[in-house]
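Asker: The lines below spell out each chain.
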Amino acid sequence: MSMRRKEILAEVWKHLFILFILSMAFLPLYVMIVISGKDGAQFVASPFKLTLPFHWENYAHAWSLMRAYVFNTVFICVTSVILTFVLSLNAAFFFARYRMPGHKFLWYFFLVLMLMPGVANLVPLFMLLKSLSLLNTFYALMVVYVTGGQVVQIFILRNFIEDIPQDLFDAAEVDGASPIKQVYHIVLPMSGSVLSTLGILQFISLWNDYILPLIVMRDDSMLTLAVGLVRMDGEYVKDWGALMSGFTIASIPMVLIFLFTMRLFVKGLAAGAVKG
Amino acid sequence: MAKDISLKQVVTYWPLYFFVVPSALLVATFSYFPAGSAIYHSAFRWNGNTIKIFVGAANFQKALGTPLYWILTLLVTMTMIYQSQNKTTFAKVMKMVCGLGMPLLNLIVLFRIRPPEGLQPAHMIVTGLVWLGIWFFLRWRMDNDSEIRGVVTFFCFILGGSATLGAMGLEGNFAWSLTVLIAGLYLWFFVKPDAGVFKLDGMRIGQSLIGVGIFVWSLAQNAGGEVALWSGFSVIAVLVVANLVKMIPSITTAVVVNRLKSEAANYWYRVLFVVPMIIPGMVYLLLWKFFFESGGLFNLVLRKTGIMHLIYVFDFWTENGVFISVKEAAGMSLGDVLDAANMAAPAWLGSPELVLPAFIIWGFPWVGVVGVLIYLAGLQSIDQSVYEAADLDGVGPFGKFLNIELPLILTQVRINLVLMIIGTLQMYGMILILFGDAGGPNGKMMVPGLLMFRSAFVEGYAGYACSIGLILFFLILVLTEINNRFVRVEK
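Chains A and B supply the protein sequences, listed in that same order.
Residue numbers for the first sequence follow this note's numbering, so the first one is -12 and each next one is one higher.
Residue numbers for the second sequence follow this note's numbering, so the first one is 11 and each next one is one higher.
To be clear, the hints were calculated from the coordinates, so they are not data collected in a lab.
Do not take every clue at face value.
Claimed, not checked - Residues on chain A that point at chain B, a partial pick, calculated with CB under 8 Å:
#1 16
#2 88
#3 107
Glycine included, C-beta positions come from ideal geometry on N, C-alpha and C.
Please model the entire structure based on the sequences and the hints provided.
Answerer: Shown next as structure tokens:
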């Protein structure tokens, strides 16, 4: 009997520990949402408690400030992720399925990049974009994001494609499918969970990127969300309600992504998509 | 298996190259070209635009200081690595070079450096005793192991000597030269070629690498390079250690969730852990900035839990004056201090003493959601029967962790560790967001990456920025190489 009680007590402690960690993890979310509905007086009176009425107009105000940033960022991120998929799927297919002359050299051409930290590149990269007159355009960001994103994806997708049963490709070849068709009719349908995990991770990192848009973009209307948020945060007299509403709006695309792909994402993580 | 295509068949199969050509072209233009350009321009006084003057290695000298120091350190490092691989002939030659070179170099340097001004014998004695203590402690229980003892002696000697002389009031550079001079003589006269100071094998390579790290570190601080660069590296070192500790909660949480008996609870916690992930990193960063403000949540929690009192009392007794200046504290009673704690609201990110602690506390409780999920994926394969068997053998909870759970997630832990170290070394975006390009209160958080950014985009020294970038690049490359050699990842 006492043994049983001890076990239950141990379980209770585990649950309490996890609940504590969870509550701390949810705290920023709580603070963000609660403050997003406050006007100035309510914020001064009790900053961290839910106060009524909830001022929805904060959201309208924040949206009017941030609309352009949100559209810019969504456009850049989605385009970059899709382009990265196209390039990396094809390249990974090439490395996984064929041993062409020079394929070793090409492989190491990409392998070296995995070891190369990007930090030294920043200044010359900026000068390069300047001389290509790409400054203050979306192309500058996209091209750099695609270049950086594809390297890791090629590695992970190569391993993944090598694990696809050979018979599938052989059968397709007998039926006269070209390599391109093999990529889009065999590899693509099978790699849903891996692609969604890679895509989400890339999307998140692009969504948060700050330094490149900061140095590349000149016009206020071309800025991305990250830079826009920091600008809003940096203003001297702050409207906390509108600021937090802006933060919440910036989180909404993540909510949408997770609603639709969470299952695939957790499965992809579990399958070791990011083990390296 | 992959299809082999010989050189002759290329005539028919050449279109296959178009699968990889776009990627390769992009990479060549936007990764390789800038990298080459960085190496090229690091030799120029370049403002990124019209002015471009060849200056040779001057950029690197500005960052690193006296080149002779670095050449000798490189030699010592190579000696250690070669000796550790039992390539003794080479090592013997190197040791002779170092043993002679160090004293000679330092004789030259000694004459160039100004003599010491006011001496402080008390500081010297205390520092010397502390280092003697460290030496005795390190030698403790390793009497028979003469190789390690030699290394310990050598490093305690160099660092302790340098610190002691520094505490005496000598200029850092002077103190360092003097110790290296004596150390070189020691190396030359007292170390037999076969039972060398650095003779290490197999497992001890790690220890010798730590030794090299300390060696390079103290050298870097004294070689007379860019001060901000090295204070930045010391900030990074603190943050790496802090991030190392911050890895523990994620692992603990994953283990605890995995040990839950109920499958349903396990599943629901897993789902709940994904929810906070919807906050983008940028927003999370700005939220924490808000928490650390003077009227923010962090101060509120410290006051409500009474921790602020503890900090104030500690501050009062140690006379650190982090919160209150020392003069004020001297005139205050403990009661005053406690009252002050009740009203206190320091701006954590605004004071030079508090900004680093704030960065360490940053992100409490340090549970990375992606991390937890990855660890959980690794832990899933443990069968409940394994735990029951361990229970029968009387293995405690910690024993279970070491013997059952840790081996399963070791791969992920190692990868996260490496990524964390490399990421922390390159980290400056966060500081740029929080403080702009000035590097925080008193430039305290001016990390190397930010120094590079500032040199290039604010001060207009693009060539110098390239050379700082290359130094960082080289450091990360060395770390990656060490990782590839010693931290093997089994598939």
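Asker: Compare the structure with each hint and give your call.
Answerer: Verification of the hints:
At its closest, the beta carbon of residue 16/A sits 6 Å from a beta carbon of chain B; the interface hint therefore holds under the 8 Å criterion. The restraint placing residue 88/A at the interface with chain B holds, with a minimum CB-CB distance near 5 Å, inside the 8 Å limit. Hint on residue 107/A holds. Least Cβ distance to chain B is approximately 3 Å, under the 8 Å limit.
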